[in-house]
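Here are the chains, one letter per residue:
Protein chains: 2
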Amino acid sequence: MQLKMSRKIMKPDFQGEFTASILAAAASPDVISFAGGLPNPVSFPIEAMEKATAKVLAEQGAIALQYSSTQGYQPLRAWAAKRYETMGVYGVDADDIIITNGSQQALEMIGAAMLDPGDKMLVENPTYLVALQSFHLFDPEILPVTINPDGIDCDELEATIKANPEAKMIYVIPNFQNPTGLTYSRAVRERAAEILKASNLLVLEDNPYSELRFSGEAGSSFGAYLGDQCCMFGTFSKIVSPGMRIGWICCRNQELKAKLLNYKSTADLHTNIFCQMVLAQYLADNDLDAHIEKTKVLYKQKAETMMACMEKYLPEGVTFTPTEGGMFLWAELPEGITAVELYRAALEKGVAICPGDPFYETERDVRTFRVNYSNSTDEAIERGMKILGETCAELMQK
Amino acid sequence: MQLKMSRKIMKPDFQGEFTASILAAAASPDVISFAGGLPNPVSFPIEAMEKATAKVLAEQGAIALQYSSTQGYQPLRAWAAKRYETMGVYGVDADDIIITNGSQQALEMIGAAMLDPGDKMLVENPTYLVALQSFHLFDPEILPVTINPDGIDCDELEATIKANPEAKMIYVIPNFQNPTGLTYSRAVRERAAEILKASNLLVLEDNPYSELRFSGEAGSSFGAYLGDQCCMFGTFSKIVSPGMRIGWICCRNQELKAKLLNYKSTADLHTNIFCQMVLAQYLADNDLDAHIEKTKVLYKQKAETMMACMEKYLPEGVTFTPTEGGMFLWAELPEGITAVELYRAALEKGVAICPGDPFYETERDVRTFRVNYSNSTDEAIERGMKILGETCAELMQK
Chain W
1 MQLKMSRKIM KPDFQGEFTA SILAAAASPD VISFAGGLPN PVSFPIEAME KATAKVLAEQ
61 GAIALQYSST QGYQPLRAWA AKRYETMGVY GVDADDIIIT NGSQQALEMI GAAMLDPGDK
121 MLVENPTYLV ALQSFHLFDP EILPVTINPD GIDCDELEAT IKANPEAKMI YVIPNFQNPT
181 GLTYSRAVRE RAAEILKASN LLVLEDNPYS ELRFSGEAGS SFGAYLGDQC CMFGTFSKIV
241 SPGMRIGWIC CRNQELKAKL LNYKSTADLH TNIFCQMVLA QYLADNDLDA HIEKTKVLYK
301 QKAETMMACM EKYLPEGVTF TPTEGGMFLW AELPEGITAV ELYRAALEKG VAICPGDPFY
361 ETERDVRTFR VNYSNSTDEA IERGMKILGE TCAELMQK
Chain E
1 MQLKMSRKIM KPDFQGEFTA SILAAAASPD VISFAGGLPN PVSFPIEAME KATAKVLAEQ
61 GAIALQYSST QGYQPLRAWA AKRYETMGVY GVDADDIIIT NGSQQALEMI GAAMLDPGDK
121 MLVENPTYLV ALQSFHLFDP EILPVTINPD GIDCDELEAT IKANPEAKMI YVIPNFQNPT
181 GLTYSRAVRE RAAEILKASN LLVLEDNPYS ELRFSGEAGS SFGAYLGDQC CMFGTFSKIV
241 SPGMRIGWIC CRNQELKAKL LNYKSTADLH TNIFCQMVLA QYLADNDLDA HIEKTKVLYK
301 QKAETMMACM EKYLPEGVTF TPTEGGMFLW AELPEGITAV ELYRAALEKG VAICPGDPFY
361 ETERDVRTFR VNYSNSTDEA IERGMKILGE TCAELMQK
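In the order they appear, the protein sequences are chains W and E.
Quick note on the numbering used here: the first sequence kicks off at 1 and runs consecutively.
Quick note on the numbering used here: the second sequence kicks off at 1 and runs consecutively.
Warning: the hint list may mix true and false statements.
Any copy, or any two copies together, can satisfy a pair, since identical chains are not distinguished.
Below, a list of computed lysine-lysine pairs in the DSS-like style, where the Cα atoms sit at most 25 angstroms apart [unchecked claim]: (1) K4 - K162; (2) K51 - K296; (3) K55 - K82; (4) K168 - K4; (5) K120 - K11.
Hints listed in this document are in silico derivations from the structure and should not be mistaken for laboratory results.
As the structure is a prediction and not an experimental result, all values here were calculated from the model.
Build out the structure end to end from the sequences listed, making use of the hints.
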């Protein structure tokens with residue numbers, strides 16, 4: 001047999017290949033890795049989950065193990081809907097929520113529902129590399145808009161929309177963005193919302209990290225400004241468990257919601273109902289905010305340790321953006337050194353970082369890189385940053 | 001905002017709309033429904049699952065709740081690989097298995113990996129309606145090949161391949177096919193395998209029901225005849241739990257496997273690892289065959305009850321194909337009455353069937369219909385078939 005696969009699957013996948021090679025190298029037990037993005041297991045409520053699973057199986061086992069609805073378990077959807085009030089979005093109904101296999105599936109579903117080949121869409125520059133990968137499946141023209149320390153560049157946003165009135169949607173991560181850790185200021189949020197409101201763009205707001213704010217003040221979701229023009233993605237991955245693969249789309253546009261449901265019902269029928277029920281039971285019987293607080297205390301300490309080590313060990317000329325939450329820090333090398341060069345040299349000394357390249361649609365050999373602090377010991381952070389600083393200094397002297 | 005969705009999502013979905021309307025009508029508590037396809041909860045090992053979840057969380061909680069690999073949990077893959085020996089396929093390795101969100105996701109993944117718009121592929125006629133829906137997402141030209149009581153029509157298969165040498169793949173369900181309940185005879189299996197071996201077709205063998213054989217002798221999987229030309233889909237949905245959404249693809253073609261993994265890693269990263277580990281623990285600690293035996297005893301009795309009632313109550317001229325396993329029976333009305341007419345008339349009297357229409361790529365207003373027996377009480381089967389028989393007789397007199 002001569003296998004002939006689809007054009008879609010045979011397209012080059014820069015993001016996928018780049019990160020696969022980095023994560024493979026970083027996985028060696030001898031390597032101190034800041035390259036990945038794993039939550040710390042402190043964020044997994046294991047004992048409470050044991051109680052929740054036992055209760056669900058004892059009381060509703062035949063429902064938890066049977067086929068279920070595509071939209072997802074109603075009590076879990078009701079929880080997600082209500083949670084939006086903490087982000088300034090009122091009036092969300094359980095019926096607006098579709099449970100997905102992590103918010104990553106939400107990206108793929110929206111891509112399928114919205115994009116034909118050649119369609120234009122906007123993203124922050126840089127942006128979450130898996131979002132780029134996911135959109136690439138549908139072959140759109142991606143228009144990157146610079147993200148500044150206070151959020152998306154509103155002038156550039158306005159100009160890009162004006163020059164591309166036919167663009168279909170924009171993907172943004174306004175809180176502790178991956179990879180930059182940046183958060184939109186209130187002023188940028190409000191101006192961007194005004195610009196977007198006047199546009200024809202469907203706004204996709206991804207929001208995996210906003211619950212992990214350990215200092216400063218939270219801004220409202222774009223859903224509060226834009227109503228049904230904004231689809232909001234959510235996930236339990238960073239606050240309860242990524243392994244359960246439970247996320248959601250909040251879609252208040254009824255026409256789009258119906259199509260997303262059709263698509264998911266064909267793609268995989270429904271998200272595993274057993275985990276949905278266990279999670280809902282866990283949320284009913286426990287104080288999630290108290291649980292998240294423990295994670296935040298730990299992440300704050302980790303972030304502060306890492307920022308202090310970066311101040312201490314990285315040579316002058318290497319800069320980074322402080323953060324108030326999330327899981328990542330974003331740094332920039334001086335002219336003349338690329339992040340890939342630093343990655344290679346540091347890996348030889350046993351430290352892995354994630355070069356910025358795969359987070360950009362077009363730029364390559366960039367000077368930015370991402371480091372993750374959520375899942376490293378203090379000792380690893382100290383030792384790793386010391387080595388990274390020495391490596392930077394060596395490269396700068398060349 | 002003016003929402004403009006993708007062409008793909010806006011295409012008419014005959015299968016989806018047809019079955020949604022039927023299942024909505026059949027869901028009324030007053031209706032005796034033979035329209036769906038739910039396993040009987042007797043097939044859910046609830047207590048054993050409680051023990052397995054407690055053990056996994058106590059011993060490996062931090063792994064079960066963390067991110068995991070796209071390919072899936074190794075012990076579960078090893079189990080699925082070994083299980084193929086019972087279907088005559090030897091030498092399958094855990095590394096050949098990709099765990100999916102039910103085998104339904106496997107359909108979507110293969111469609112994405114193989115099909116460009118206009119590509120040709122073969123299916124049995126009729127075939128599983130969700131497979132048609134899933135392939136339709138990729139806009140292929142679908143070439144249906146008649147399925148006879150002893151399996152696919154080999155002459156037609158040969159002619160179709162000859163006339164369409166560029167066709168990319170064929171989707172078959174050789175054991176207790178959905179919707180017909182038919183199984184390929186050994187002779188048909190062998191001849192079809194020869195024809196397929198000489199072709200350029202990737203063979204997709206779906207196999208959700210073969211474990212549910214309650215009489216007769218099982219045939220070998222096409223994977224035994226065709227090696228890496230055959231991708232085999234499997235699922236735990238009919239033997240342990242559909243709610244956990246755990247299925248798999250066995251793909252021994254390394255090039256295709258790599259692309260399927262890339263695709264899944266973008267689409268939803270991985271299938272929920274918690275349920276994968278619980279299932280693997282359940283399989284390690286329990287005798288699955290003894291468990292399946294209980295399900296088979298029940299389904300045999302249900303099938304026999306339904307077949308006896310069909311003999312007793314359906315008027316002469318209405319025929320059906322007996323089955324030796326699975327969950328469905330397939331019947332045919334005499335000329336002059338369509339299955340949709342019967343569906344409508346019977347629903348008015350409180351009985352729901354599934355007309356054959358959505359199982360065909362092109363034929364409409366067909367005379368065939370599917371009835372499910374796995375999840376009805378004996379009383380419901382008796383009463384429902386009596387009503388169905390009366391309704392048939394009335395329509396035949398018109």
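Do the hints match the structure? See the list:
For the identical chains of this complex, K4 and K162 are inter-copy neighbours only, at 18 angstroms across copies versus 41 angstroms inside a copy, given an alpha-carbon limit of 25 angstroms. Only within a single protomer do K51 and K296 lie at most 25 angstroms apart by alpha-carbon distance; the minimum there is 24 angstroms, versus 33 angstroms between protomers. For the identical chains of this complex, K55 and K82 are intra-copy neighbours only, at 24 angstroms inside a copy versus 33 angstroms across copies, given an alpha-carbon limit of 25 angstroms. For the homomeric pair K168 and K4, the shortest alpha-carbon distance between copies (7 angstroms) is at most 25 angstroms, but the shortest distance inside one copy (32 angstroms) is not.
In this homomeric assembly, K120 and K11 come within 25 angstroms of each other (Cα to Cα) both inside a single copy, at 18 angstroms, and across copies, at 21 angstroms.
Hint check: no violations occur; every hint is consistent with the structure.
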